[in-house]
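Could you slot chain B onto chain A? The hints should help.
What follows is the residue order along each chain.
There are 2 protein chains.
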Amino acid sequence: MSAADAAAPTASSPAAPGLDPALAARLKRDPQGLVTAVVQDASSRRVLMVGWMDDEALHRTLTTGRATYWSRSRQELWVKGETSGHVQYVRSASLDCDGDTLLLEVDQIGPACHRDTDTCFDGGELEAVVLHPEERTA
Amino acid sequence: MSAADAAAPTASSPAAPGLDPALAARLKRDPQGLVTAVVQDASSRRVLMVGWMDDEALHRTLTTGRATYWSRSRQELWVKGETSGHVQYVRSASLDCDGDTLLLEVDQIGPACHRDTDTCFDGGELEAVVLHPEERTA
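Protein chains in written order, with UniProt numbering: chain A, 1 to 138; chain B, 1 to 138.
Chain A extracted, bound-state conformation (with noise of 0.2 Å):
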């Protein structure tokens, strides 16, 4: 490998050279190199899904307008939709008061979940008590 080889961005960079640097210095990742990504569709307002980015990952998403994570079980970039088709298409970015975390807006093409739901949380109600307004003492 030669040296020009060697300083190359590769998909695995940990140093992402393209993410903005004043960005990248506001994050604040996990012991993995992750900040948390929820997911919500700009149209319908539902909760799609919770992924995980590097910083490699972000600036991928904010630049080239296609949802992008880092997958911790297959430890490799995902553009979402990549072989189901399900893109989401980016409509805007915020990273949270803490650094850790990131909310997307998407347009999303098709069902979110791999399961064919339109959400990874349809489903996986729980039981769970509701005060009523007179028991609500705040």
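Mixed in with the good hints there might be a few duds.
Said to hold, decoys possible - Listed below are the simulated EDC-like cross-link pairs for lysine to aspartate or glutamate, each with C-alpha atoms no more than 20 Å apart in a straight line:
1) LYS28/A with GLU127/B
2) LYS28/B with GLU125/A
3) LYS28/A with ASP100/A
4) LYS28/B with GLU127/A
As the list claims (entries may be wrong) - For the chain A half of the interface with chain B, some residues (derived, Cβ under 10 Å), not all of them:
5) ASP20
6) GLN40
7) GLN75
8) LEU77
9) ASP96
10) ASP100
11) CYS120
What the hints contain is simulated information worked out from the structure, not anything from laboratory work.
In this text, a Cβ means the ideal position worked out from N, Cα and C, and glycines have one as well.
Using the frame of chain A, we list chain B on its own:
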């Protein structure tokens, strides 16, 4: 400490004896024993914040009607709004297909963020490429 005291459930009990064992078995916790909780305003549909829950926090959230988290910075259970009054009353809770993320829909009293903004994402908008419809290939 008597044997009875040692066996009594406490706030810091990792086993959270109160949590439905069938639900506990579905959770895929991170190395710190936590799952991600995405919090959405039930009325405005805005994503307010992301918190973290251990089994006990989830148990309390589902049984008290008030969102309760595990504070990773303070390493303690944290009833949202306990000091600020900015309580989150639970409207629904769902577990995602992977078992590692919860979605809470809540009635938020006051601002959700400690900075007194409606959400933790306010003011954090990032510059992002948004593809025009004719540039979208999927």
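Quick rundown of the hints versus the structure:
At roughly 18 Å between alpha-carbon atoms, LYS28/A and GLU127/B fall within 20 Å of each other, so this suggested pair holds. As the CA atoms of LYS28/B and GLU125/A are separated by approximately 16 Å, the hinted pair is consistent with the 20 Å bound. As the CA atoms of LYS28/A and ASP100/A are separated by approximately 5 Å, the hinted pair is consistent with the 20 Å bound. With a C-alpha separation of about 18 Å, the suggested pair LYS28/B and GLU127/A falls inside the 20 Å cut-off, and the hint holds.
Interface hint at ASP20/A: satisfied, since its Cβ lies 8 Å from the closest Cβ of chain B, which is below the 10 Å cut-off. With 10 Å as the threshold, the beta carbon of GLN40/A comes within range of chain B, its nearest partner Cβ sitting at about 6 Å, so the hint holds. The restraint placing GLN75/A at the interface with chain B is violated, with a minimum CB-CB distance near 16 Å, outside the 10 Å limit. Given the 10 Å rule on beta carbons, the hint for LEU77/A is violated: about 17 Å separates it from the nearest Cβ of chain B.
For ASP96/A, the shortest C-beta to C-beta distance to chain B is roughly 4 Å, which falls under 10 Å, so the interface hint holds. Taken as an interface hint, ASP100/A checks out: its beta carbon lies about 8 Å from the nearest beta carbon of chain B, inside 10 Å. Below 10 Å, beta-carbon pairs count as interface contacts, and CYS120/A has one with chain B at about 4 Å; its hint therefore holds.
Consistency with the previously given hints fails for numbers 7 and 8, ordered from lowest to highest.
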